[in-house]
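Asks: What follows is the residue order along each chain.
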Amino acid sequence: MRLDRRSVLGGAASVPFLALHAAAARGNVLNAMMPAEPGTLCYPLLNTRVVQQICGNIQESLLLLDWNFKPQPNLARSFTVTPDGLVYVFHLEPDVRWHDGAPFTARDVVFSCDRMLRQLNPRSRNAFNNCESIRALDGLTVEFRLKQPFNAFLLSLMASNAPIMPAHIYEGSDFRTNPHNFRPIGTGPFKFARWERGQYIRLTRNPDYWRKGYPRIDDIYFRVCPTPEQRMVALETGAVDIALADDIDTVVSKRLRANPNIVASTHGYEGVGEIAVFEMNQRRWPFSDRRFRQAFMHALDRDFIVKAINFGQGKVATGPIPSSAPYYDRKVLTRYDYNPAKARAMLDEMGLKKKLGGVRHRFGFLMIPDGGGVQTRGAQYVRQAASEVGLDIELQSSDWAGFAHRTGNWDFDMDNNSYGEYGDPAIGTSRFFVSSNIRKGVPQSNIQGYRNAEVDALFAKASTAIDPKEAQAHYSRLQQILTRDVAMLWIFERDPMLYYNRRVHDLVSGPNGPTDGFGRTWLSGEA
Amino acid sequence: MKHEKNRVNRLAYIARRLLRTVLVTVAVVLVSFFLIRLAPGDAATVMAGQSGYADEAFINSLRAEYGLDRPLPVQLWKYVAAVARGDLGMSYERRQPVLDVIVARLPNTLLLDAFALVVAMAGGIVLGALAARRPGSAGDAGVTVLAMLFYAVPQFWLGMMAVLVFSVWLAVLPPFGIETMGADHTGLARIADVAQHMILPGMTLALYYMASYARLTRTQMIEVADQEFVKTARAKGIAERQVARRHILRNALTPLITYAGLQASILVGGTVLVENVFSWPGIGTLAYEAVTARDNPLLLGIFIVTAILVSLFNLVTDIAYSIADPRVELGR
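Here the protein sequences come in this chain order: A and B.
All residue numbers for the first sequence refer to my numbering, where the first residue is 245 and numbers rise by one.
All residue numbers for the second sequence refer to my numbering, where the first residue is 9 and numbers rise by one.
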């Protein structure tokens with residue numbers, strides 16, 4: 245590099261310009277963030293939220309959900325279902341090409357669903373193992389033949405469960421080491437452009453996108469912002485345009501809502517239907533006693549948790565199914581109001597009397613690592629609430645590995661966690677309550693050890709019922725049993741917040757929110 | 009003849025120190041290998057937990073892929089054998105060679121550390137010398153208070169306050185990162201861009217160490233100023249400025265070299281907090297990511313590279329010390 249007077253002056257002159265445009269690429273560019281850099285961009289291999297929000301722009305699914313949770317065409321322009329609910333036939337969109345120019349065909353769908361996703365992704369495996377066969381009827385038609393009816397089958401074809409992958413890239417290779425895991429190929433509105441390790445991932449507009457007139461922005465940057473403070477500053481200074489669920493702690497939501505340049509929205513995560521919960525190891529006494537679990541629910545002021553600890557974001561959960569989701573039945577639920585006196589009486593009644601020092605029972609509470617966020621604050625509140633009814637809780641911290649290891653191996657008394665319902669109890673809810681999913685060593689399964697033969701049978705019947713009324717009847721009975729048993733302690737429905745700069749429009753187009761990508765998003769002038 | 013003997017001594021000393029570096033590295037590998045496995049959980053459980061949906065097949069396939077299903081001694085043997093061949097293994101999470109991942113990030117950390125070290129030394133020596141000129145004066149007290157303040161304030165807090173003031177309120181400096189995303193600057197514009205991004209993290213690191221240098225310089229200079237050769241210099245009628253610079257400061261600086269060597273070592277491994285606060289893509293952020301993901305090969309690789317760098321820094325310090333003070337002979 246040659247140093248002369250002109251280049252020195254040019255460099256110096258650029259300093260104030262750079263200061264004004266600190267850290268962000270502007271223009272028709274969307275600046276997003278990611279709390280951690282993903283290890284891979286192979287969607288089936290690592291189905292985390294970060295990978296979903298990046299790859300949701302690159303890879304596509306056969307169907308999308310509309311705001312009423314009804315499946316809408318995407319890569320499949322139409323579909324038919326036989327009356328017995330056993331055969332689904334999908335007619336694919338013609339003239340779709342992969343980012344490398346290869347044509348998208350039925351072969352890609354069969355390869356993705358029958359082989360790659362089934363082999364790599366436990367979430368997809370759950371749905372596709374129910375298929376007797378998956379085959380191409382012609383170049384643009386695919387048939388899924390089920391072993392038994394599964395009324396949530398269409399929902400399991402959404403992007404987070406079933407991204408369609410390119411057969412010509414992956415077939416015959418080791419899926420885990422394929423170099424395209426770091427420069428993915430898809431059919432989506434954006435193409436992978438660059439991965440600057442430790443800094444950002446850049447996606448660029450797919451000019452040959454099959455949906456004409458889209459996408460409407462040129463580039464998307466996903467910037468690594470590991471700390472909550474950084475993410476907050478990035479949003480406030482305009483260094484990034486959007487913050488997705490959990491990027492920003494609710495502790496600053498009031499401040500952000502007051503910012504005229506920032507829009508706060510609760511739309512975009514209805515499809516997840518996430519509930520924050522406490523889990524109890526029901527193999528151990530007194531957690532095995534239903535009366536203890538019921539008493540504990542009465543000891544908790546869940547309204548306080550929502551209003552004070554989560555700063556009014558979300559609502560008190562009433563049972564295993566989110567109140568906004570299909571099959572929710574408020575009439576059958578057993579309610580547990582905040583009543584410490586009743587909790588004390590119930591504990592006395594079950595023989596858990598106060599001992600020396602006024603303590604009835606001591607136990608541990610394993611906190612899910614959320615960087616001091618709402619779950620940690622919630623655990624601190626629980627310790628205080630439990631002490632008022634004579635229960636002494638020791639809060640236990642851990643990192644992700646320790647948390648997943650201890651809960652997966654049933655080495656805990658009580659923990660806090662959350663789960664997503666994903667539009668249907670058969671997809672997101674049943675796994676925490678059916679006894680067939682009590683699997684040692686597997687986190688995010690029925691780690692509590694809850695067993696109820698009637699619940700097992702009802703979940704099986706509900707998911708295979710062809711008549712929606714029959715399915716509703718089974719799910720109503722399930723909600724009645726599970727809330728009566730306090731099979732889990734449902735604390736609050738999360739209702740995560742999306743924050744974005746005012747220049748961003750149409751950020752989400754359905755209940756799956758950012759998982760469906762930013763193909764319809766557009767930007768106005770600077771905010 | 010004496011020069012030749014000194015040269016041989018120096019080479020023998022360097023060879024011994026390099027051998028010691030190898031031994032230190034082996035010890036680091038062995039101790040770290042077992043230590044990081046004491047914590048419950050592994051990379052497979054992290055991925056299973058974070059994906060929100062897992063089954064035995066998923067976890068077992070990951071363990072088989074990473075070799076975590078083999079007995080611990082077998083894992084250690086395979087790892088040590090690979091390291092001996094210069095292969096630090098594959099990162100679990102990134103599925104890339106560990107050496108490539110580290111080499112890509114190391115220059116960023118060294119750049120930040122070098123900036124911080126130079127600023128800290130220069131600033132610390134100047135402030136310390138000013139304070140030592142009139143011990144007990146208002147200037148001395150001011151430097152001492154300032155030094156104690158920067159020494160006592162936690163770096164992550166200082167970093168966050170710097171972001172608040174200079175990025176949020178004044179909007180004059182970028183809050184984080186190493187360069188402007190998507191700007192694709194080249195040449196001087198890129199240097200200016202990186203320099204601008206380096207100011208906040210670099211100064212956050214530097215201020216802490218600058219405080220130490222200021223305190224050390226002040227103490228050393230006051231101590232040296234009281235020695236006989238300084239009195240002799242003054243008695244000869246040498247100007248006070250020359251006495252301060254040539255006699256006092258020069259002799260006071262030699263302990264600073266040792267201190268700088270130690271601090272350079274600490275800096276390499278000690279930037280975890282500052283790099284994370286400013287999202288600086290260096291070894292510090294990489295180490296943090298490796299710990300949270302239980303990416304053991306990557307973490308071990310960082311330990312090895314850091315151990316080698318620390319040993320080399322110490323060697324360079326010793327050599328620099330012998331150059332600065334000819335009375336010191338290496339190898340004796």
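No lab work stands behind these hints: they were computed from the structure.
From the three backbone atoms N, C-alpha and C, an ideal C-beta is built for every residue, glycine too.
Do not take every clue at face value.
[To be verified] Short, incomplete list of chain B residues facing chain A, as computed with Cβ under 8 Å:
1. 11
2. 15
3. 18
4. 101
5. 103
6. 107
7. 112
8. 165
9. 166
10. 170
Asks: Could you tell me which of the hints above the structure violates, numbers in ascending order?
Replies: Those not satisfied are hints 1, 2, 3, 6, 8, 9 and 10.
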